[in-house]
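S.K.: Sequence:
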Amino acid sequence: MVGRDFFISYASENRAWAEWIAAQLESAGYSTIYQAADFRPGRDFVHEMHDAVSSAARTIAVLTPAYLRSEFGEAEWRAVFAQDPSGRKGLLIPVRVQPCDPSGLLTTRVYVDLVDVDEQVARKKLLAAAEKDRPRPAGGGFPPAAAKRFPGAGPVVSNLPGRSRVFTGRAELIDAMYAGLRSDAHGAAAVVSEAVHGLGGVGKTTLAIEYASRFRSDYELVWWIDTEQPATVPTQLAALGRRLGLPETADERDAVAAVFAELQGRSRWLLIYDNAEQPASVTPLIPTAGNGHVLVTSRWPAWRRHAHAVAVGVWPRAESVAFLRARTPHTDERLLGELADLVGDLPLAVEEAAAYLEQTGEDLAAYVELVRERGREIFAAQTAPPGLDQQRVASVWTLSLDRVHAEEPLAEQLLTLLAFLAPEAPRDLLLKRPDLLPEPLSAAAADRLVYNRVLEAAGRYALISLKPAEIGMHRLVQAVVQSRLDAEAEARWVSSAVRLVDQLFPRDSWEPARWPECQRLLAQTLMVTEHAERLQVDGAWAGALLYRASAYLREVGQYLQAEPLARRALAFAISDLGADDLETAWRHDELGRVMRHLGRLDVAHAESEKALSIGLARRGPHHHTIGVFRNNLGLVLGDMGRLDEAYSEHEQALAIGLDEFDPDHPQIGVRRNNLGLVLRRMGRLDEAYSEYEMALNISLSALGPDHPTMCIRRNNLGSVLQGLGRLDEARTQYVEALRIALTTLGPDHPRSKAIQQRVDELHDQVSHTLGEDNGD
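Residue numbers (the UniProt record's numbering): 1 to 776.
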C-alpha cells in the first residue's frame with residue numbers, strides 16, 4: 001500500500017465526518033486513506049487496518065462517543081500512540097466532532113474541537129492542525145470528486161425544536177440514550193427504539209432535544225412528533241412525507257405508509273415521539289423497518305417490551321445548583337442548595353424558581369424562606385402570577401390527576417393518602433393495617449393482588465414510582481394533590497395517615513430489636529406529625545408517635561435529632577391532654593432525658609422535676625411511675641454534682657422498684673446500676689462495686705450476654721474495678737463492654753466512643769478516669 005499523508009480512524013456511525021475530513025484534506029493537497037473509501041469488500045479488515053496505520057504518515061482520530069467505545073478505534077490510535085508516546089512528532093491528531101470526554105492516554109493529546117462550530121471555522125481549524133510542523137504539499141489541492149456536506153450543519157430534513165441555552169448535566173442519561181440507540185442487539189435493517197420515561201417535569205422533552213442536537217451530525221433526518229393527541233400523529237408524519245418530496249395523498253394512512261416505505265430505504269434518520277401516553281397509543285404509528293432510530297418520551301413507566309427504556313429522575317443536587325447559578329445572579333451555594341431541596345430537585349420546579357428570581361429580583365434568602373413557608377401555595381397554583389413568563393409546575397400533572405379522578409377512584413384514594421406521607425414510603429405500609437384506611441381503599445389494601453393493581457393503575461400516570469420495597473411520590477406532586485382537597489377532606493386524610501403510622505411505629509421503641517422498624521418509619525413519622533401540627537388534627541396520636549420516635553433516637557445516640565421531637569411531643573400533650581396529665585409528665589421526662597445527654601443540665605433538671613411533680617400529684621409517692629421519674633432525676637442531679645440529692649433520689653427509686661417488682665426484674669438492674677453510679681462518684685467504691693455487680697447479674701439473666709444494656713453494666717463495673725486498682729479485671733470488663741457496644745450500637749454511638757476511651761485510658765495506664773459511668 002502506497003503511503004498516504006493521513007489515515008482517518010473513525011467509528012462506522014461517523015462515516016459522514018470521515019468523508020468530510022478527507023474531502024477538506026484532499027482539497028488542500030493531502031492524501032488520505034479511510035475505510036469507507038479504501039478498504040475493499042472481501043479483504044481482511046484487520047490486515048487492511050494494520051497496513052493503513054503503518055503506511056500513513058499521520059493518523060486523525062475522529063472523536064465521538066461511538067469512537068471511544070470502539071475496540072477497533074482504540075487499537076488504531078494506540079498503534080500510533082506507541083510510535084510517538086510523547087506527542088512531539090505529531091503523529092496522532094484527535095479531532096472531536098461530537099460532545100465526549102476522552103480518557104486514559106488520549107487525555108495527553110490536545111484535540112481539535114469542531115463541536116458547535118460552522119463549516120468555515122471547522123475547515124480552518126482542521127487544516128491548521130494538519131499544517132502544524134508539516135508544510136502543505138506543493139502543487140495545491142486536488143479537486144474533490146463531489147462536495148461533501150458538512151455533518152456539523154445537522155440533518156438536511158429537520159423540524160427539531162430549539163435546544164435549551166442553559167441545559168445542565170444529565171451526562172450519564174445522554175450516554176445511556178446514545179448507547180441504547182446503538183445497541184448491537186438489533187439487526188442492520190431493524191429500527192432501534194428507545195423510550196425515555198419519568199415523572200412530568202423531570203425534563204424528558206428537553207433531554208430528547210438535547211440528545212438530538214448533540215448528535216445531529218449522526219442523522220440526515222430528524223423529525224419531531226407531538227403525540228399528546230395521538231390522532232394528530234398521522235398528520236405530522238404526512239408533513240414529513242411532503243418534506244421528503246413524496247407524492248401527496250388524501251388518505252393519511254396511505255401517506256404514513258409511504259413515509260415508512262421511504263424510511264425503510266434510508267439510513268441515519270431519527271423520529272422523536274414526544275409525550276406518548278402509553279405504548280399502545282404510538283406503536284402502530286412507528287416504523288418497524290429501516291436503518292434508523294426512534295426516540296419516545298413518556299410518563300408511562302412500562303416500556304421494556306417495546307423499546308430500550310431509560311428512566312429519568314430529578315436532578316442530582318449539584319445539577320440543580322448549577323442551573324440556578326446559570327439562570328440567576330445568585331452565587332450562595334448553601335441557599336441555592338436549600339432552594340433545590342425545597343422543590344425536590346424537580347427540573348421544572350427549579351426552572352420556575354429561577355424564573356421567579358430572575359424576573360422579580362427577589363432576594364434569595366427571602367425567597368427561600370417564602371418557599372419554605374408557602375411552597376405548597378406557590379407551586380400548586382395552576383396559573384403564573386402576572387408578569388411571570390413560566391410554565392407552572394402544577395399544570396404538568398393536572399390532566400393526569402383529572403383522569404385518575406374520573407377513571408381510577410381507588411388509585412385516587414391511594415395517591416391522596418401518599419400525599420401526606422414522606423416522599424418515599426414503604427410499599428407494604430398500607431397492607432399492615434388496612435382497617436385504619438377509608439373504604440374502598442381499606443378493602444383493596446386487605447388483598448395484596450388488588451393492592452398491586454391499584455399501585456399499577458397509579459403508576460401508569462407517572463404520579464408515583466414503584467420499587468420492590470418502596471413507593472415514591474415527588475413532594476410537589478404531593479403538594480398538588482393536597483391542594484385539590486377541601487379543608488374537611490384534608491383533615492380526614494391527615495388523620496388516616498397519622499393513625500396508620502402511629503399504629504405501626506413500635507410501642508417499645510427503646511428496644512434494640514425494634515430499631516430497624518423505627519428507622520424504616522421515622523420519615524413517615526416526621527411527615528404525618530408535621531401535617532397534624534399544621535391542621536391541628538389528632539394531636540394525641542401525633543404526640544404519642546413523636547414521643548416514641550424521640551425515645552428511639554435517644555437510645556441510638558442521635559440526641560440532637562431527638563430534641564425537637566421530644567419538644568413537639570410535649571407541646572401536643574399540653575395542648576390536647578392538659579399540662580397536669582400523667583402522659584404530659586412522661587413527655588417532660590423524655591425531654592429531660594434528651595437534654596441530659598446533650599449536657600444542658602439546667603433544662604434537664606427542670607423537665608425531670610416537672611415530670612416528678614405531676615407524677616406525685618397524679619399517682620402518689622409509691623407508684624412505679626414515680627420510681628422511673630426519681631431515677632431519671634437522680635441521673636441529672638448526679639451529672640450536676642449534687643451527689644447527696646442524687647443519692648436520695650436513686651435510693652427512693654430502688655425502694656419503689658423493690659416494692660413493685662421481683663428482685664431480679666430488669667428494672668431493678670437499672671436502679672442498682674444508677675445507685676452504683678452515684679456511690680462511685682461519692683467515692684464509696686466498695687458499695688458501688690456491690691451494686692454494679694448485682695446490676696450486671698440481673699441484666700445478664702434477664703437480657704442475655706449480648707444485649708446493648710450489657711455494655712453499660714460491664715463498662716461501669718470496669719470503672720469501679722479500675723478505681724479499686726484491680727486493673728486486669730477492669731480490662732476484661734472494658735474489652736467485653738466494647739465488643740458488645742461495637743456489635744450492637746456501632747462505632748459512632750456515643751456509648752461506644754466512651755467505652756473506647758476507657759480502654760485506651762487503661763492501655764496507656766493513665767491513673768484517672770476520662771469518661772463518666774453510664775446511667776440508663
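The set of hints was computed from the structure by calculation and includes no laboratory data. Computed from a prediction, not measured in an experiment: that's the story for all the values here. A few of these clues could be false.
[Unchecked claim] Here are the simulated SDA-like cross-link-like pairs (lysine to any residue), alpha carbons at most 25 Å apart as the crow flies:
#1 Lys148 / Asp38
#2 Lys132 / Asp118
#3 Lys125 / Ala36
#4 Lys432 / Arg403
#5 Lys432 / Leu522
#6 Lys148 / Ser158
#7 Lys432 / Arg453
#8 Lys467 / Val396
#9 Lys467 / Ala311
#10 Lys148 / Asp5
#11 Lys467 / Ala302
#12 Lys610 / Pro663
#13 Lys124 / Ala302
#14 Lys610 / Gly620
#15 Lys124 / Thr107
#16 Lys132 / Asp113
S.K.: All the hints need checking, so say for each whether the structure fits it.
M.R.: Taking the hints in turn, this is what the structure says about them:
1. Lys148 / Asp38: 17 Å, holds
2. Lys132 / Asp118: 21 Å, holds
3. Lys125 / Ala36: 24 Å, holds
4. Lys432 / Arg403: 29 Å, violated
5. Lys432 / Leu522: Holds, because 16 Å separates the two Cα atoms, which is no more than 25 Å.
6. Lys148 / Ser158: Measuring from Cα to Cα gives roughly 19 Å; hence the hint holds.
7. Lys432 / Arg453: This hinted pair holds, its Cα atoms lying about 17 Å apart.
8. Lys467 / Val396: Roughly 23 Å separates the two Cα atoms, so the pair holds.
9. Lys467 / Ala311: 13 Å, holds
10. Lys148 / Asp5: Status holds; Cα separation ~20 Å.
11. Lys467 / Ala302: Between Lys467 and Ala302 the Cα gap is close to 13 Å, so the pair holds against 25 Å.
12. Lys610 / Pro663: 29 Å, violated
13. Lys124 / Ala302: Between Lys124 and Ala302 the Cα gap is close to 48 Å, so the pair fails against 25 Å, i.e. violated.
14. Lys610 / Gly620: 14 Å, holds
15. Lys124 / Thr107: Holds, at roughly 23 Å.
16. Lys132 / Asp113: 15 Å, holds
Against the hints set out earlier in the document, violations occur for numbers 4, 12 and 13.
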